[in-house]
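Enquirer: Using the sequences plus the hints, can you model the full thing?
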Amino acid sequence: AQKVTQAQTEISVVEKEDVTLDCVYETRDTTYYLFWYKQPPSGELVFLIRRNSFDEQNEISGRYSWNFQKSTSSFNFTITASQVVDSAVYFCALSDSTQGGSEKLVFGKGMKLTVNP
Amino acid sequence: EADIYQTPRYLVIGTGKKITLECSQTMGHDKMYWYQQDPGMELHLIHYSYGVNSTEKGDLSSESTVSRIRTEHFPLTLESARPSHTSQYLCASSEWEPRQPLHFGNGTRLTVT
Numbered sequence: 001a002q003k004v005t006q007a008q009t010e011i012s013v014v015e016k017e018d019v020t021l022d023c024v025y026e027t028r029d030t031t032y033y034l035f036w037y038k039q040p041p042s043g044e045l046v047f048l049i050r051r052n053s054f055d056e057q058n059e060i061s062g063r064y065s066w067n068f069q070k071s072t073s074s075f076n077f078t079i080t081a082s083q084v085v086d087s088a089v090y091f092c093a094l095s096d097s098t099q100g101g102s103e104k105l106v107f108g109k110g111m112k113l114t115v116n117p
Numbered sequence: 001e002a003d004i005y006q007t008p009r010y011l012v013i014g015t016g017k018k019i020t021l022e023c024s025q026t027m028g029h030d031k032m033y034w035y036q037q038d039p040g041m042e043l044h045l046i047h048y049s050y051g052v053n054s055t056e057k058g059d060l061s062s063e064s065t066v067s068r069i070r071t072e073h074f075p076l077t078l079e080s081a082r083p084s085h086t087s088q089y090l091c092a093s094s095e096w097e098p099r100q101p102l103h104f105g106n107g108t109r110l111t112v113t
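Residue numbers (this note's numbering), protein chains in the order written: chain A, 1 to 117; chain B, 1 to 113.
No lab work stands behind these hints, which were simulated from the structure alone.
Hints may contain errors.
[Said to hold, decoys possible] With a straight-line Cα cutoff of 25 Å, these simulated SDA-like cross-link-like pairs (lysine to any residue) come out:
id: 1; chain 1: A; residue 1: Lys-109; chain 2: B; residue 2: Gln-100
id: 2; chain 1: A; residue 1: Lys-104; chain 2: B; residue 2: His-85
id: 3; chain 1: A; residue 1: Lys-109; chain 2: B; residue 2: Ser-84
id: 4; chain 1: B; residue 1: Lys-57; chain 2: A; residue 2: Gln-2
id: 5; chain 1: A; residue 1: Lys-3; chain 2: A; residue 2: Ile-79
id: 6; chain 1: A; residue 1: Lys-38; chain 2: B; residue 2: Glu-22
id: 7; chain 1: A; residue 1: Lys-109; chain 2: B; residue 2: Lys-57
id: 8; chain 1: A; residue 1: Lys-104; chain 2: B; residue 2: Ser-54
id: 9; chain 1: A; residue 1: Lys-104; chain 2: B; residue 2: Glu-42
id: 10; chain 1: A; residue 1: Lys-104; chain 2: B; residue 2: Gln-100
id: 11; chain 1: A; residue 1: Lys-38; chain 2: B; residue 2: Thr-26
id: 12; chain 1: A; residue 1: Lys-38; chain 2: B; residue 2: Pro-8
[Stated by the list, open to error] Derived coverage of chain A by chain B (criterion: at least 3 residues anywhere in the stretch with Cβ under 8 Å from a Cβ of chain B; other residues may be distant):
id: 13; stretch: 45-51
id: 14; stretch: 85-95
id: 15; stretch: 106-114
Please read these numbers as outputs of a predicted model, since none were measured by experiment.
Where is the CB? At the ideal position from N, CA and C, for every residue including glycine.
Expert: Put into structure tokens, the structure is as follows:
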């Protein structure tokens, strides 16, 4: 069965610290997609990144970087030099084809990041 | 500027009332979804639609119903609200191609007293 685990429930850091959000997934499929979403206090989830299972290259976008390792079934997210605006709940999610052709997205339980000034 | 709109933003209502949560998107997306988010933050898919006149139940059993008469509109209805329905409801949409990112509205926070 597909499953996404975000072991950390809540993290609090001081501005300018680096912080890594862990995500471990389970799937029997060889083809799948992984996502990260950010949910600021305003409520809407904002898409950050999508990565397919055949692309293990790490990605960097400004202060954000993602480390995808199939060997450990992990897709970790690092924020460098965190800022107060990074305070949000972050969700890791998985989409594979085990649901009879429909593409249901399975979310982790979310991790609340608080960046203090 | 939001491309997917949910109304109302907040709703406090008494037990037994019928309510409809509205969701509209202007992106022409075929696929739309309703998620329920509990206080512990976890998201659960309760309904989805792949196009007009197509609706399916999600993973979490819900007493709500949905309809999809127009592409841009995907309302969710509770015939008789109960305190157990108190939650945040998030609507989302995505393009037709598989595994596309979801675009979310900013949610409706429902409290049933």
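Enquirer: Work down the list of hints and note, for each, if the structure agrees.
Expert: We went through each hint and held it up to the structure:
For a cut-off of 25 Å, the pair hint linking Lys-109 (chain A) to Gln-100 (chain B) stands: about 21 Å separates their Cα positions. A threshold of 25 Å between alpha carbons decides the hint, and for Lys-104 (chain A) with His-85 (chain B) the separation of about 22 Å falls inside it, so the pair holds. Among the hinted pairs, Lys-109 (chain A) with Ser-84 (chain B) is consistent with the structure: their alpha-carbon atoms are about 20 Å apart, no more than 25 Å. Between Lys-57 (chain B) and Gln-2 (chain A) the CA atoms are separated by roughly 18 Å; this keeps the pair inside 25 Å, and the hint holds.
Of the pairs offered as hints, the one joining Lys-3 (chain A) and Ile-79 (chain A) holds, with about 24 Å between alpha carbons and a cut-off of 25 Å not exceeded. The hinted pair formed by Lys-38 (chain A) and Glu-22 (chain B) meets the criterion: a straight-line CA distance of about 23 Å does not exceed 25 Å. Note on Lys-109 (chain A) and Lys-57 (chain B): the hinted pairing holds, with a Cα-Cα distance of about 21 Å set against a maximum of 25 Å. Of the pairs offered as hints, the one joining Lys-104 (chain A) and Ser-54 (chain B) holds, with about 15 Å between alpha carbons and a cut-off of 25 Å not exceeded.
Of the pairs offered as hints, the one joining Lys-104 (chain A) and Glu-42 (chain B) holds, with about 15 Å between alpha carbons and a cut-off of 25 Å not exceeded. Between the alpha carbons of Lys-104 (chain A) and Gln-100 (chain B) the distance comes to roughly 11 Å, so the proposed pair stays at or under 25 Å and holds. Proposed proximity of Lys-38 (chain A) and Thr-26 (chain B) is supported: the alpha carbons are some 22 Å apart, at most 25 Å. As the CA atoms of Lys-38 (chain A) and Pro-8 (chain B) are separated by approximately 22 Å, the hinted pair is consistent with the 25 Å bound.
Given a C-beta distance limit of less than 8 Å, the hint that chain B covers the stretch 45-51 of chain A holds, as 4 residues qualify and 3 suffice. Closer than 8 Å: that is the beta-carbon criterion, and the stretch 85-95 of chain A has 3 residues meeting it against chain B, so the requirement of 3 holds. Against chain B, the stretch 106-114 of chain A contributes 4 residues with a C-beta closer than 8 Å to a partner C-beta. That satisfies the three-residue criterion, and the hint holds.
Of the hints listed earlier, there is not a single one the structure fails to meet.
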